[in-house]
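Peer 1: Each chain, written out:
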Amino acid sequence: MADSASLSGPAPAASASRSAGLARTFRRSETLRGYALLSPTLLVMALAMAAPTAMTVALSFFIQTGFEIEATFSLQNYQKVFTNPIFEALFYRTLWISGTCALATVLIAYPMAYYVAFHVHRRKLVWVILMTLPFWTSYLLRVFAWKVVLGYNGAINSGLMSLGLISEPLEFLLYSPEAVIITLAHAWAAFAILPIYVSLEKIDKSLLEAAADLGDGPMARFFRVTLPLSMPGVVAALFLIFIPTFGDFVTPALVGGPDGLMLANIVQKLFGKLNDWPLGSALSISMMAVVTCLCLAILWLSRKAKERLI
Amino acid sequence: MSRAAAFYRPNRPLLVYAVLYLAFLYAPVALLPVFSFNDSIYAAFPLQGFTTQWYADMFADEAMHGALWNSVKVGAVAAVFATILGVFGAKAITRFRIRGVKPVLGVIMLPLVIPPVIMGVALLVLLSQSGVQLSLITVTIGHILICVPFSIVTLMASFEGFDKSMEEAAADLGDNSWWAFWRVTFPMVFPGILASLLLCFTISFDEFIMAFFLAGTEQTLPIFIYGQLRFPQRLPGVLALGAMILTATFVIVFLAQWLRGRSPGVAQSGSE
Numbered sequence: 001m002a003d004s005a006s007l008s009g010p011a012p013a014a015s016a017s018r019s020a021g022l023a024r025t026f027r028r029s030e031t032l033r034g035y036a037l038l039s040p041t042l043l044v045m046a047l048a049m050a051a052p053t054a055m056t057v058a059l060s061f062f063i064q065t066g067f068e069i070e071a072t073f074s075l076q077n078y079q080k081v082f083t084n085p086i087f088e089a090l091f092y093r094t095l096w097i098s099g100t101c102a103l104a105t106v107l108i109a110y111p112m113a114y115y116v117a118f119h120v121h122r123r124k125l126v127w128v129i130l131m132t133l134p135f136w137t138s139y140l141l142r143v144f145a146w147k148v149v150l151g152y153n154g155a156i157n158s159g160l161m162s163l164g165l166i167s168e169p170l171e172f173l174l175y176s177p178e179a180v181i182i183t184l185a186h187a188w189a190a191f192a193i194l195p196i197y198v199s200l201e202k203i204d205k206s207l208l209e210a211a212a213d214l215g216d217g218p219m220a221r222f223f224r225v226t227l228p229l230s231m232p233g234v235v236a237a238l239f240l241i242f243i244p245t246f247g248d249f250v251t252p253a254l255v256g257g258p259d260g261l262m263l264a265n266i267v268q269k270l271f272g273k274l275n276d277w278p279l280g281s282a283l284s285i286s287m288m289a290v291v292t293c294l295c296l297a298i299l300w301l302s303r304k305a306k307e308r309l310i
Numbered sequence: 311m312s313r314a315a316a317f318y319r320p321n322r323p324l325l326v327y328a329v330l331y332l333a334f335l336y337a338p339v340a341l342l343p344v345f346s347f348n349d350s351i352y353a354a355f356p357l358q359g360f361t362t363q364w365y366a367d368m369f370a371d372e373a374m375h376g377a378l379w380n381s382v383k384v385g386a387v388a389a390v391f392a393t394i395l396g397v398f399g400a401k402a403i404t405r406f407r408i409r410g411v412k413p414v415l416g417v418i419m420l421p422l423v424i425p426p427v428i429m430g431v432a433l434l435v436l437l438s439q440s441g442v443q444l445s446l447i448t449v450t451i452g453h454i455l456i457c458v459p460f461s462i463v464t465l466m467a468s469f470e471g472f473d474k475s476m477e478e479a480a481a482d483l484g485d486n487s488w489w490a491f492w493r494v495t496f497p498m499v500f501p502g503i504l505a506s507l508l509l510c511f512t513i514s515f516d517e518f519i520m521a522f523f524l525a526g527t528e529q530t531l532p533i534f535i536y537g538q539l540r541f542p543q544r545l546p547g548v549l550a551l552g553a554m555i556l557t558a559t560f561v562i563v564f565l566a567q568w569l570r571g572r573s574p575g576v577a578q579s580g581s582e
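Chains as they are written, first to last, in my numbering: chain A, 1 to 310; chain B, 311 to 582.
No lab work stands behind these hints: they were computed from the structure.
The model shown is predicted, which means the values in this text are computed figures rather than measured ones.
Heads up, a few of these hints could be off.
[Said to hold, decoys possible] Straight-line alpha carbon distances no greater than 30 Å define the calculated BS3-like cross-link-like pairs of lysine-lysine that follow:
id: 1; chain 1: A; residue 1: Lys205; chain 2: A; residue 2: Lys306
id: 2; chain 1: B; residue 1: Lys383; chain 2: A; residue 2: Lys269
id: 3; chain 1: A; residue 1: Lys202; chain 2: A; residue 2: Lys306
id: 4; chain 1: A; residue 1: Lys205; chain 2: B; residue 2: Lys412
id: 5; chain 1: A; residue 1: Lys304; chain 2: B; residue 2: Lys412
id: 6; chain 1: A; residue 1: Lys80; chain 2: A; residue 2: Lys273
id: 7; chain 1: A; residue 1: Lys124; chain 2: A; residue 2: Lys202
id: 8; chain 1: A; residue 1: Lys304; chain 2: A; residue 2: Lys202
id: 9; chain 1: A; residue 1: Lys147; chain 2: A; residue 2: Lys273
id: 10; chain 1: B; residue 1: Lys412; chain 2: A; residue 2: Lys306
id: 11; chain 1: B; residue 1: Lys412; chain 2: A; residue 2: Lys202
id: 12; chain 1: A; residue 1: Lys304; chain 2: A; residue 2: Lys205
id: 13; chain 1: A; residue 1: Lys269; chain 2: A; residue 2: Lys147
id: 14; chain 1: A; residue 1: Lys124; chain 2: A; residue 2: Lys205
id: 15; chain 1: A; residue 1: Lys269; chain 2: A; residue 2: Lys80
[As the list claims (entries may be wrong)] Just so you have them, the derived chain A footprint on chain B, three or more residues with Cβ under 8 Å:
id: 16; region: 395-403
id: 17; region: 534-547
[To be verified] If you want the footprint, here are the derived chain B segments under chain A, 3+ residues with CB under 8 Å:
id: 18; region: 347-355
id: 19; region: 425-439
id: 20; region: 557-569
Every residue, glycine too, gets a C-beta built ideally from N, C-alpha and C.
Here chain A stands alone, though its shape is the one from the complex:
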């Protein structure tokens, strides 16, 4: 469909160079017309992202004194962010929680996506909708539901107790980093399933037949054909979960307890009770910068690994 633009140019009577010129202008105008139509959305979105970011960066160099914000350039906030041992400990915990969560979510979602992509033939759409429907429900309510499930008097504890399997409620269920990981893995499941499912669905099935003809068993076929070809989906899923969970504050606030607090909880407190907006800005800008660097590093490593394999 997209190629019709370059093909429709030449007419038999026209000279070759002229028709090539026409085709080029047409193609250029196609780009121009596209951008013209895209411009309202693009302008609004770019502005709505760039302006707040710029303002936050600016604010992060200012200093909070009492209730006033002093507009003098200073690196003090960043110094605090990078030298305060509490921030450092929270940073490692946040990294651990969101990293584990991203890996766990992808691991448990992969067989599910694989099942629907390869073993479901009728009513695929129903399965896809079933897998993604909980994602659309309120995030807050899903986290709250886990509080109900894991709580001291919650569904698991009271259920096990009324069955007589335990005599005391299990205290480790709620208010722990593990509770945060479970809740997040549930909340972000759709972000793992969909990219993996799409990349599995795209795999040319004849490649698997070719592998079988050349003597690969089911395991070898999976590890040499299916898994490598679905890696783009897996990597996309890891990013799609790691980045937002790195900045989550609702889940740790509701099910994390004091041991499950994450960096974003501090950001929220700095903009709330602690009332130090410049420091909060510096912390959130640093978080974004660190996450971006980490993701670029992972992307670079996975590229290198791919080159090595091929």
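Since the structure of chain A is already known, use the hints to place chain B on it.
Peer 2: Frame of chain A, contents of chain B only:
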């Protein structure tokens, strides 16, 4: 052929896994309606008996009415604006072959991956530093921002299957591109537009984090719920309200997905 079928024969262990996984996805959410009818202040087993008291209490709560109405207003306005922006974006991307569009598209899709805390805080900084009073309008702005990527993705599915030649035919018959859009394109992609409106409304209606930072003194429904969570005695009411919101969301999203399935693009790619 028969050997190809052998690769994809039903796999029982995987089916069991799939069912367990769906249980993991749905069980916690399903507990809310179960406990909301339970005649006990605690959400715990064994169930004590059936009651609709918590629903009656919640319906009588004036603050809940205000928050609900605020959420509906914000959701409706955010859905309309996000879908308008989404139509421009999706139409441009699917209709024209644009050079270098990938990074540009990346910018538009950025709200999908930026943690909402960071976006909420950044918007808060900009708005308050430029002297804008926090209100439902500021919440709406934030929600439009996060809805646009979802709107574009939803609409692209409808626009992609749309036959370009239909619009060209309209142009040949004398319509300018504006009229061609309204008389030909719009009716055909209308299910997609409706789907986008419904999904954006749902996202905004359920969104908490941006609203938490941008709402000021007026509260939306999720902020109201978050406030209620501090009081243990309010738990049953939250369960009842949550069960109602979940039911409404499921109906709306199911409708939206069904509408999206009726769009020309999805129908075509489905038949491939």
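Peer 1: Each hint: holds or not?
Peer 2: Consistency of the hints with the structure:
Between lysine 205 of chain A and lysine 306 of chain A the alpha-carbon distance is near 21 Å, which keeps this suggested pair within the 30 Å criterion. For a cut-off of 30 Å, the pair hint linking lysine 383 of chain B to lysine 269 of chain A stands: about 29 Å separates their Cα positions. As the CA atoms of lysine 202 of chain A and lysine 306 of chain A are separated by approximately 19 Å, the hinted pair is consistent with the 30 Å bound. A distance of roughly 28 Å separates the Cα atoms of lysine 205 of chain A and lysine 412 of chain B; the hinted pair therefore holds under the 30 Å criterion.
For the proposed pair lysine 304 of chain A and lysine 412 of chain B, the alpha carbon gap of about 22 Å is at most 30 Å, so the pair holds. Taken as a hint, the lysine 80 of chain A and lysine 273 of chain A pair is honoured in the structure, with Cα atoms around 18 Å apart against an allowance of 30 Å. Note on lysine 124 of chain A and lysine 202 of chain A: the hinted pairing holds, with a Cα-Cα distance of about 14 Å set against a maximum of 30 Å. Distance check on the hinted pair: lysine 304 of chain A and lysine 202 of chain A sit about 23 Å apart at the alpha-carbon level, within 30 Å; holds.
With a C-alpha separation of about 24 Å, the suggested pairing of lysine 147 of chain A with lysine 273 of chain A holds against the 30 Å cut-off. Our distance criterion of 30 Å between C-alpha atoms is met by lysine 412 of chain B and lysine 306 of chain A, whose separation comes to about 22 Å. Of the supplied pair hints, the one linking lysine 412 of chain B and lysine 202 of chain A holds, its CA atoms being roughly 20 Å apart against a limit of 30 Å. In summary, the hint linking lysine 304 of chain A to lysine 205 of chain A is supported, as the alpha carbons are separated by about 27 Å, within the 30 Å threshold.
Taking the CA atoms of lysine 269 of chain A and lysine 147 of chain A, the gap is near 22 Å; set against the 30 Å cutoff, the hint holds. With a CA separation close to 17 Å, the supplied pair lysine 124 of chain A and lysine 205 of chain A stays within the 30 Å bound. The suggested pairing of lysine 269 of chain A with lysine 80 of chain A holds, with an alpha-carbon distance near 16 Å, which does not exceed 30 Å. Residue count for the region 395-403 of chain B with a Cβ under 8 Å from a Cβ of chain A: 7. That meets the three needed, and the coverage hint holds.
Here's how the region 534-547 of chain B fares: 3 of its residues keep a CB closer than 8 Å to some CB of chain A, so the rule of at least three is met and the hint holds. For the region 347-355 of chain B, the stated coverage by chain A holds: 4 residues have a C-beta nearer than 8 Å to a C-beta of that chain, and at least 3 were required. Judged by the Cβ-Cβ criterion of 8 Å, the region 425-439 of chain B is covered by chain A as claimed, because 12 of its residues qualify and three suffice. Check result for the region 557-569 of chain B against chain A: holds, 5 residues qualifying (beta carbon to beta carbon below 8 Å, three or more required).
Violated hints for the displayed structure: none, as all numbered hints are satisfied.
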